[in-house]
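So the sequences go chain by chain: G and S.
Per the working numbering, the first sequence starts with residue 1, numbered consecutively.
Per the working numbering, the second sequence starts with residue 1, numbered consecutively.
Since the hints were made in silico from the structure, they are not lab data.
Hints may contain errors.
Covered stretches of chain G (in silico footprint by chain S; criterion: 3 or more residues with CB under 8 Å from a CB of chain S, positions within the stretch not fixed) [said to hold, decoys possible]:
1) 32-44
2) 58-67
Below, a list of computed lysine-lysine pairs in the BS3-like style, where the Cα atoms sit at most 27 Å apart [as the list claims (entries may be wrong)]:
3) LYS114(S) with LYS664(S)
4) LYS19(G) with LYS114(S)
5) LYS64(G) with LYS484(S)
6) LYS460(S) with LYS64(G)
7) LYS19(G) with LYS407(S)
Across the chosen pairs, the derived CB separations fall in these ranges [unchecked claim]:
8) LYS80(S) with GLY15(G): 18 to 24 Å
9) MET511(S) with GLY78(G): 32 to 38 Å
10) ALA103(G) with GLN348(S): 43 to 49 Å
11) LYS80(S) with ASP52(G): 37 to 43 Å
12) GLY78(G) with ASP190(S): 38 to 44 Å
13) SER67(G) with TYR424(S): 56 to 62 Å
14) PHE69(G) with GLU240(S): 56 to 62 Å
Quick caveat, the model's predicted, so the values are computed rather than measured.
Cβ atoms here follow ideal geometry from the backbone N, Cα and C, with glycine treated the same way.
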Amino acid sequence: MENKYLKDDIIRSSGVNPKKCMKCGKCTATCPSFDEMEYHPHQFVYMVESGDIEPLLESESLYKCLSCFACVDRCPRGVEPAKLVEAVKLSVIRQKNSNRLKADDVVKYLDEDIPQQAIVSAFRKYSK
Amino acid sequence: MQRIGVFVCWCGSNIAGTVDVKAVAEALKSEPGVVFSTEYQYMCSQAGQDLIKDAVKEHNLTGIVVCSCSPRMHEATFRKTAAAAGLNPYMVEIANIREQCSWVHKEMPLGTEKAIILGKAAVAKVNLNAPLTPGQSPVTKRALVIGGGIAGIQTALDIADAGFPVDIVEKKPTIGGKMAQLDKTFPTLDCAACILTPKMVDAAQNENIRIFSYSEVEAVKGFVGNFEVKIKKKARYVDETKCTGCGACIEKCPQKKVPNEFNLGMDNRRAIYIPFAQAVPKVATIDADYCNMLKNGKCGVCTKFCAAGAIDYKQKDEIIEEKYGAIVVATGFEPISMEKFDEFAYSQSKDVITSLEFERLTNAAGPTAGKLLRPSDGKHPHKIVFVQCVGSRCASCAEKGKEYCSKICCMYTAKHAMLTRDKYPDTDVTVFYIDVRTPGKNFDEFQRRAVEEYGVNYVKGMVGKVTPEGDKLIVRGSDLIANKQIKIDADLVVLAAAIEPDKTARPLATMLTASMDTNDFFTEAHPKLRPVESPTAGVFLSGTCQGPKDIPETVSQAGAAASKVIGLLQKDMLLGNPCVASSNQLMCNGCSSCERVCPYGAISYEDKEFPGPNRTVKVRRVATVNPAVCQGCGACTVACPSGAMDLNGFMNSQIMAEVDAICK
Ligand SMILES: Cc1cc2nc3c(=O)[nH]c(=O)nc-3n(C[C@H](O)[C@H](O)[C@H](O)COP(=O)(O)OP(=O)(O)OC[C@H]3O[C@@H](n4cnc5c(N)ncnc54)[C@H](O)[C@@H]3O)c2cc1C
Ligand code: SF4
Ligand code: SF4
Ligand code: SF4
Ligand code: SF4
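Bound conformation, chain S alone:
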């Protein structure tokens, strides 16, 4: 028989406001096995924990029930308390009388009654608890960073600095991400390339960092400390170890009409290309969709001009298998498509562009060598209209926009407007805004400078329609403060397009069993207290894959993710979760139901001998669970038709006892 202690927490007024805690403690006193029951204002405080420890000793307790907040909040805390008092930590059960009781009920009698029932269920369970001991598993001291934008680069550099090897997997031919496409960066207006490329070079030269560019993650197996990852290095038809990045091949390639994605299709590149001058690795890549040689075997010019003999038309995709202790997701963002926003005429006119296209048009390495010229006729625009919130905060247009605020557009629009007025004082610049959101160090000051010093015309109101007319774009918008409808005959319209997670993020999340929100941003383990960890152990988040962010915020998160990874990798052993499944092989009929539902691939089958009637031996196929891989999700216990699968700490008998206690 257990000797159970019950500890009811007030959580200040959080619980005590709607639950009569004294009545709960009193009612639970008479439950089977309970030898001690009390309440206290803050059970998680030092004094509260001491109260538990003292009670364990004084009353020789063998099990503990804490009626308090969600186990996600403090189960670990109270398990530690129990361990400090010499109890097995798995002899602790939490009755959640806050999130599932006091916070959802308004009336004291109802709340109290429910709290008592939840307490009874927990007591019934503890009566059947048995001490559990977690297994140990070694940690592979290598990290994987998926995505090589500023987030991934910073995370990799920080992990490498701490002495651990890191691999960056980047799907494009070069690392750098969106920041490599930007011109100057708010709020200090330093040039993006000047601050980014040194970091790219650092990453390339750091001996702890390997960069797999033009590569993607194919499959992920395993668990925290022990991930096994398959990486596909896509064929780039150029031998990376030989190519010197001289560019001779590019100059001679006759296929000149390939839309240049780095300049967002505003100019062309060759079929063999290096995305930009500071690319890392600086190695050419052949675009198989356009290369004449790869498509119809007629050409081979590049191979003639490559002095290094690096071209290899027969190169195949290569699969690399590697083990990692931790994985960091840094897959970044993309601006959303503007095709469906007919009202802004993006598809009708070349002179309606997105803000990222604007960055390329003002970048010295861009298609116009940094001169702001209209894409349609190459003329200098004199009237420019910027429209904020295009597709952001768009609750009614799920098919084209996003409900959230993209966070960075107010600031980069102020930057674009200010830089335009600075460089071309003869241009008229109007910004249409719904709100100007500038929370950030020196951000509001920055936006005000655009207005006060640079004479940017900010109009409170939205643009309703853009109509191309001759070589003008007629912009119709409202000025809500003057209560006027405005019409501007603009030369160039710039749309601050909402941003969304990279399209590959969702399949990647499935591979990693990491969760995402409805917008496909990765979810953090706790929105405030664990912002860089995913709920899946060993998977961390860096940068805009977790939510819209500017560079300063991305870099801080990248460093934070790195420090979490370092904390994990410096451990030699990890304690596992003892709440794993196991099959009762006498009951198992080898039906494979459990294997099919296990999301972690923890279940396999073995042929085993069992005694049959009349001293015969029968060989049967039965399930076994690999406890190092099992995450204790319990899916198999539900799927098993013969009731052979059971989960430590959540045995079928324990769950039934809880249900019985509730229904009593």
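Only chain G is shown next, with the shape it has when bound in the complex:
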């Protein structure tokens, strides 16, 4: 199902032009979260381009991306798939007004092995 409004919104907010993708799969080739992801970086690009966005909104894949930017670095066409993942994630957070990580939850994750920076950045990534 094509979701034109959401598609335009995601393309605009990410600054990504999914039409530039030549479907080579180099992004997916080394994505460290591949096994945890239901939709892989090249699929993200293709699904956004074809407006098939609803399944992405529901997918856990959104939260499996490490933002390592390997896909961005490798893509020969400058598509920047990670920015799309980020944009879809933000639109879920904004749309449903549902923060993935609430301030109250942070305590739960505190662990002396985790650098505090990681928590701060997770908070930034998963909340409005």
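Place chain S with the ligands on chain G using the hints.
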């Protein structure tokens, strides 16, 4: 007063679709000088041209305006039409109402209004046109071919066969180019040397062909039919006329650690060397960067063993000056550097190689005598991964890759994969591809054989990373059809590196005033209709210097370039372009501005006497233009601060009249 006829072309619907051609013809009727105005569906057709000829006679026309496509398309056509009707061909002006009007506008009223304005400008110009007569210049009946790969060799052979002398300038010690480095060639798998070396020998033995090897073009002057070229023969420290190519010197040379460029650095050669057994000319060359004698005067072994007395440590670069009627560029290609593709670990592991290196590793005359062995440990690889499109179709990595498709990699990768499986059935061969592009006679059939008969494993997806681990190379890629991530512990990884023009192509293009595209491939005069001519008259293109090509295509283009050269050289005289510059010496103040901007060196200065006040005579330095050299670019007319330079056919007054007509 001129009697001008206006002819508005519909170009089918190309123009008539967005321009009201009848309205244009009608509007131009009342312009000054116009005595006849009409429109027609295809002005360039026989019927259209007859219409023009009849009108010239019937209305006693002295000038013609054709409102049609770009002058680059049909100016020559309509000039011929005018000449056939007895008019001076330079009394024709074209108003470009297609490329610059109908094709860029969507609305009829706007398009029509602009077409009328363009027509008015052309009419204003014709009112000031004067008949021009081109000068003639003789043609030097000798051709120069720059680059001695298969392209240059074929072009030279074809020109020589037609009876004209040809010189090949090759920068390396031997002709042959990349084809000499290949093993077998797709799609028929004949051995490259077996089909190339006979041609090299033919070139060497043809009495119409001279080969300047280890030489480069230093300077080019002149113009079509009359180029003057300086060629630098680099010192090879061996007298070519004496050396018999026996190789005794090479055997004895103590400097054994020179990376062998012919085998892409995978083994070593001596400081004195012959690149390969079938080299043409088969003459030794001393590499001055490594020769002990040349570097510190200690050695001289080769001269002791040379029975022919050919070694000459004192040899100097030599400059040869020669005249040519035509120049063919055949400078070929190079694979791009893989250094910056960190993800494929090319610089980290010896067992990550390029496809050209693979050719040498499978070539019987290569560093491993044709046995496929890993460069790192000399072991036979059992798992080989080929990666296509490395650095090709790479739009986002201008600093390391190329945006275009290199065209030959799909086919040679299929060849490598197939030959490996044929010779070593115990190897696992995987090819990662984005697309497999095989347009060409018997090409797709060839690639399918690799899959169906030879069991090559083709995976749709790209490799993302290669990591050396122990004596293995861990290849991570994706299989987009199975939606899987793949990991292969390979023994050898072969990268199909993109190809790019030779680095010397750009400075050469500047010398030749030939144009290049943003990738440094030479541009053709027309991408479809004039593919082997450069836009610079007398300069032709052959082979991969113009764009990626395989051998069959290179050879066809080489023959086509030769036929264009032959067509030029068989003429005794060439008609020049009468639209050349000249200076009004009364206005010229000798400032040298024009000389500095002229790209063709057409301007010089002379001291001339001019009458001064009270019957005195004053000597002044003034510019003169050599009309045989001037190409009519007009740069000088713009540079001249006193307005003394003017260009026939594009006089300042004519340009101003056009501007006035547009602004009216
Ligand atoms: C790995 C690989 C495998 C291939 N396999 C096949 C195959 O199986 N079948 C097939 O059809 N094609 C194959 N090709 C393509 C083939 O190599 C080319 O089509 C062919 O070599 C092009 O010939 P060329 O003369 O245009 O260029 P080149 O072979 O590059 O020759 C150019 C020559 O010009 C010289 N030169 C460059 N600049 C100057 C200068 N400024 N002054 C003087 N001399 C100069 C160079 O030294 C060189 O000798 C393969 C290519 C590669 C990379
Ligand atoms: S940024 Fe996300 S999608 Fe891209 S490679 Fe890293 S984990 Fe995978
Ligand atoms: S690497 Fe880039 S071009 Fe290739 S599939 Fe991923 S997004 Fe598309
Ligand atoms: S230089 Fe002398 S020794 Fe060396 S190959 Fe030539 S003839 Fe033989
Ligand atoms: S028009 Fe002027 S600048 Fe151009 S080639 Fe002629 S003399 Fe040189």
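Okay, the hints, checked on the actual structure:
no.	hint	in the structure
1	32-44	holds (count 5)
2	58-67	violated (count 0)
3	LYS114(S) with LYS664(S)	holds, 13 Å
4	LYS19(G) with LYS114(S)	violated, 36 Å
5	LYS64(G) with LYS484(S)	holds, 17 Å
6	LYS460(S) with LYS64(G)	holds, 25 Å
7	LYS19(G) with LYS407(S)	holds, 23 Å
8	LYS80(S) with GLY15(G): 18 to 24 Å	violated, 54 Å
9	MET511(S) with GLY78(G): 32 to 38 Å	holds, 35 Å
10	ALA103(G) with GLN348(S): 43 to 49 Å	holds, 45 Å
11	LYS80(S) with ASP52(G): 37 to 43 Å	violated, 59 Å
12	GLY78(G) with ASP190(S): 38 to 44 Å	holds, 41 Å
13	SER67(G) with TYR424(S): 56 to 62 Å	violated, 44 Å
14	PHE69(G) with GLU240(S): 56 to 62 Å	holds, 57 Å
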